[in-house]
Amino acid sequence: MSALLEIHGLLKKFGGVTAVNQCSFEVQEGSITALIGPNGSGKTTAFNIITGYLKADAGTIAFRGNTIEDPNPASLYRSGLSRTFQQARIFPELTVLENLVVASSFSWKGLFGSRVSVGDRERAMETLSEFKLTKLADYQASELSYGQRKLLEFASVLMSDPKLVLLDEPTAGVNPVMIETMEKHIRSRHAAGVTFLIVEHDMQLVMRLCNPVIVLDRGAMIAKGTPSEIQSNPQVLEAYLGS
Amino acid sequence: MSRAGIFRAVAFFGILALLPFGISAQWIINALIFTLMYAALASGWNLIGGYAGYPSLGHAAFFGFGAYFFGIIFENSVGNGYSPFLILPVIGIIAAILSVPIGYIAMKTRADVFAIVTITLLFIVQTLAFNLRGLTGGAQGKGIAVPPFDPAIFARPFYWAMLVLLLIAMGISLYFRRSKIGLSLSAVRADEDKAHGVGVQVTTVKLVAFGLSVSIAAMAGAVWAYYEGFIYPQFAVDPLITIGMVLMTFLGGRATLWGPVLGAFILVPAQQFFSYEFGATQFYLLAYAAIFLIIMLVLPRGILPTINDRIRTKAKLAAEVSR
Numbered sequence: 444m445s446a447l448l449e450i451h452g453l454l455k456k457f458g459g460v461t462a463v464n465q466c467s468f469e470v471q472e473g474s475i476t477a478l479i480g481p482n483g484s485g486k487t488t489a490f491n492i493i494t495g496y497l498k499a500d501a502g503t504i505a506f507r508g509n510t511i512e513d514p515n516p517a518s519l520y521r522s523g524l525s526r527t528f529q530q531a532r533i534f535p536e537l538t539v540l541e542n543l544v545v546a547s548s549f550s551w552k553g554l555f556g557s558r559v560s561v562g563d564r565e566r567a568m569e570t571l572s573e574f575k576l577t578k579l580a581d582y583q584a585s586e587l588s589y590g591q592r593k594l595l596e597f598a599s600v601l602m603s604d605p606k607l608v609l610l611d612e613p614t615a616g617v618n619p620v621m622i623e624t625m626e627k628h629i630r631s632r633h634a635a636g637v638t639f640l641i642v643e644h645d646m647q648l649v650m651r652l653c654n655p656v657i658v659l660d661r662g663a664m665i666a667k668g669t670p671s672e673i674q675s676n677p678q679v680l681e682a683y684l685g686s
Numbered sequence: 039m040s041r042a043g044i045f046r047a048v049a050f051f052g053i054l055a056l057l058p059f060g061i062s063a064q065w066i067i068n069a070l071i072f073t074l075m076y077a078a079l080a081s082g083w084n085l086i087g088g089y090a091g092y093p094s095l096g097h098a099a100f101f102g103f104g105a106y107f108f109g110i111i112f113e114n115s116v117g118n119g120y121s122p123f124l125i126l127p128v129i130g131i132i133a134a135i136l137s138v139p140i141g142y143i144a145m146k147t148r149a150d151v152f153a154i155v156t157i158t159l160l161f162i163v164q165t166l167a168f169n170l171r172g173l174t175g176g177a178q179g180k181g182i183a184v185p186p187f188d189p190a191i192f193a194r195p196f197y198w199a200m201l202v203l204l205l206i207a208m209g210i211s212l213y214f215r216r217s218k219i220g221l222s223l224s225a226v227r228a229d230e231d232k233a234h235g236v237g238v239q240v241t242t243v244k245l246v247a248f249g250l251s252v253s254i255a256a257m258a259g260a261v262w263a264y265y266e267g268f269i270y271p272q273f274a275v276d277p278l279i280t281i282g283m284v285l286m287t288f289l290g291g292r293a294t295l296w297g298p299v300l301g302a303f304i305l306v307p308a309q310q311f312f313s314y315e316f317g318a319t320q321f322y323l324l325a326y327a328a329i330f331l332i333i334m335l336v337l338p339r340g341i342l343p344t345i346n347d348r349i350r351t352k353a354k355l356a357a358e359v360s361r
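So the sequence lines, in the order shown, correspond to chains G and D.
As numbered in this note's numbering, the first sequence has no gaps in its residue numbers, which increase by one up to the final residue, 686.
As numbered in this note's numbering, the second sequence has no gaps in its residue numbers, which increase by one up to the final residue, 361.
One or more hints might be untrue.
[Unchecked claim] DSS-like cross-link-like pairs, simulated, lysine-lysine; straight-line CA separation at most 30 Å: (1) D/146 with G/552; (2) D/354 with G/578; (3) D/352 with G/578; (4) D/146 with G/575.
Since the hints were made in silico from the structure, they are not lab data.
Here the structure is a predicted model, which means the values were calculated and not measured.
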């Protein structure tokens, strides 16, 4: 296995607060890596920097072996790095199908072509059927439940056939059945060759799904290991319980 | 497009195209020209302000640009009177090209900041129109040669020119609704950062929408200048023109095909009626404002979206009852 994503010396300050402090870690190809840590430990900030939504003050990011000079969300997405957001950001005024189509691959011809081309529709319907959302294809996304929205956002960022998917709290605020559904879809995509980096607070899910687990505290990595190693790591316990 | 939609469009444009043959009263044709002009302007504004969600207040700058561009070329002669209309596409294209750097900079900002940035553009162009006296004639205004049309039907060519502009604007609007670029614009309007993150070419689609939008405004400005025959900076680059197209779009319904047209067909005649009834006392502005208050209270999203929602809710209820 080789590192699909390498983060080195990442630094981000907001005024006097250091959100990410000399953070370095890697995500191995083919893994489901978890990124955990107490609130405010810099997980989402790290996500935002990796995906080009925030500019780092220092540090380097390499994806598929190439250092990314000027991270830009659109080009990263097209090169195979997708992400979802904590609050399930979908396009409420578009239909479920259109939410997938708008995230499909870009071409100049396609841009000036029809709203939902035959090829785009086929691919989108395939993904929707994988996620058992076919019946909802023509519903407005605003009519979906919160859990369904999370599922839709996950499904839509798969339209670029990503190598690496960053999920920001995929199961926060959804019901237990939906957590299982989400887990099932992560596993099946993982089996199909997608690498995952997941920020998650549901420790049971993290422990049964992810390996390795990376722990951040105050913006820096304090531990990395298998779920059982992490569970018995005194530094991790202290970070979570405080001193 | 559904069969009903095609029928509606053909009937609408067919009736409007034939209307001048049945109306001899000059003041009615005059009012219709302004109605069509605002319908075209509002439909054009809707491309960027409605579909993309970027509320430009600078469109009157491009309207004025078109007016002066036309005025400067045809100051002395307009030939047979019809050939100047052929320059309109050129004016539209030049405005679209100019809009690229302007839009690129202005669309670094969003929402209310974008509105303010674009309204400064309007005042810059107005100041230029006042001060570049060699070109624009400054505050003394600029005359345009009078076309040798038959006085009895003098206004007809301008009427049809405005109608064609409306047709073009609605054609682009329809195209936006049915193309992936329109889908991308809807995504930009809903959540631009997220759209960027799923690979949408946000800058490109915004610039295309802005360019097409202002080219309609510039062409309408040129026809307006030709029709008026004499242009002044304060009327050619007038904040009221910008505000008019924005309010009409809001009234009829943003990001809809017929909303801006409906808004123009309600507001322009209403404005003319009120200014005729209360003109001397300026009370017409109050009456105008009152209409808006009522609309904002009763139909905050505009007429068409509100009606569509009601129909959809009713259909849903009916479906549930029959189940």
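Hint check results:
1. Annotation: proposed proximity of residue 146 of chain D to residue 552 of chain G holds, straight-line Cα distance about 26 Å (limit 30 Å).
2. Our distance criterion of 30 Å between C-alpha atoms is met by residue 354 of chain D and residue 578 of chain G, whose separation comes to about 16 Å.
3. At most 30 Å may separate the alpha-carbon atoms for a hinted pair to count; residue 352 of chain D and residue 578 of chain G meet this at roughly 22 Å.
4. A C-alpha spacing of about 39 Å is found between residue 146 of chain D and residue 575 of chain G, which places the hinted pair above 30 Å, so the restraint is violated.
In terms of the numbered hints stated before, the structure departs from hint 4 and from no other.
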